[in-house]
Amino acid sequence: MAVTSAAVTSVVVRIITTGTPVHWPLGPIGHRQLGQLRRWRNPPVYRPLVDLLTMEERHVIITYRFDRATIQELCTQLEPDLMSPIRHPTGIPPDMQVLSLLHFLASGSFQTTVARASGMSQPMFSNVLSRVLSALLKHVRRYIIFPEVADLPTVKGDFYALGHIPNVIGAIDGTHVALVPPPHRSEQVYRNRKSYHSMNVQMVCLADQYISQVNAMFPGSVHDANILRNSSIPDMMDQLQRHRVWLLGDSGYPNLSWLLTPVRNPRTRAEERYNEAHERTRRVIERTFGLLKARFRCLHMTGGSLFYSPKKVCDIIIACSMLHNLALRRQVPFL
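Everything in the sequence shown is counted per UniProt numbering, starting at 1 for the first residue and increasing by one.
Keep in mind that the hints were calculated from the coordinates and are not lab data.
No experiment lies behind these values; they were computed from the predicted model shown.
Ideal placement from N, C-alpha and C gives every residue a C-beta, glycine not left out.
Please note that a few of the clues may not be correct.
[To be verified] Between beta-carbon pairs, the in silico distance windows are:
1. V189 x A294: 25 to 31 Å
2. Q188 x A69: 44 to 50 Å
3. A225 x P153: 26 to 32 Å
4. E79 x R287: 31 to 37 Å
5. S130 x R280: 40 to 46 Å
6. A277 x K311: 37 to 43 Å
7. S195 x T154: 41 to 47 Å
8. P254 x R283: 18 to 24 Å
9. S130 x T54: 28 to 34 Å
10. A277 x T154: 16 to 22 Å
11. Q188 x E79: 41 to 47 Å
12. G290 x H59: 22 to 28 Å
Please construct the entire structure, taking both the sequences and the accompanying hints into account.
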């Protein structure tokens, strides 16, 4: 039987207005098809509100944490993964997807706020967030690199300038990023010693605050030493042992052949001087945490807890670490 367009329109209107499954000449329509028809009738609309070319450079850096040239470099790199397979009027250009992610990470605002500022709906921004994070994380090994043998002389020299301890190639510590815990019995494992829910993030940095290793998989109740034991750091440091290099950690870590910690209860002036030099050198990891969380407010307590699954929070932390390194490499000022 031939079905006229008027008949189809009549059935669609009836479905949308009543919200009940009905039969029509082309077969039964249920709730799934109803949702598809609603989306067809009211497709999401993207209305671009940001014109990067008309913004002052200072405002660009404050809003997105990067200058125009660096943003363009990032957009070019991610564009192949962000192009829509089917071009349509509501498609969001890759550069606007990247800008919306940067705005979210920099501001720590709710999705609705960032979506409104970017000219899109909250559900649309949620999809963009996942998409851009996935595209960015494909390049993690390009942005977060542990020192290789050829880099050791330079890395050791930079650390020696901080506190005159030789052969140091990294400072290690953990920092907490607050999240809303998943609603199940394991909620308590995310509660840290300060009584809020978090991921405990292990990082290693260089003397210039470049992040050379990050592990964001562990919940807040896990001790720093246990994270280290179950990370890739021991294997990487064992491979470098013939070069007699060390990491510096605080007293929460064990004293290992490749990990120097402070002397507990120093009794001699030499031990006191060692602790002073150790503190001057190791403090760079604390400055790195401070700069990272100041640049990307979504990681800072003042930005509130992240309302995402632990897996997505891990992705956000790694993405921020990658972008932190990009900002250092491109010498983007923090405003």
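Here is what the structure says about each hint:
no., hint, in the structure
1, V189 x A294: 25 to 31 Å, "28 Å, holds"
2, Q188 x A69: 44 to 50 Å, "47 Å, holds"
3, A225 x P153: 26 to 32 Å, "30 Å, holds"
4, E79 x R287: 31 to 37 Å, "34 Å, holds"
5, S130 x R280: 40 to 46 Å, "42 Å, holds"
6, A277 x K311: 37 to 43 Å, "40 Å, holds"
7, S195 x T154: 41 to 47 Å, "42 Å, holds"
8, P254 x R283: 18 to 24 Å, "20 Å, holds"
9, S130 x T54: 28 to 34 Å, "29 Å, holds"
10, A277 x T154: 16 to 22 Å, "20 Å, holds"
11, Q188 x E79: 41 to 47 Å, "43 Å, holds"
12, G290 x H59: 22 to 28 Å, "24 Å, holds"
Hint compliance for this structure: every hint is met.
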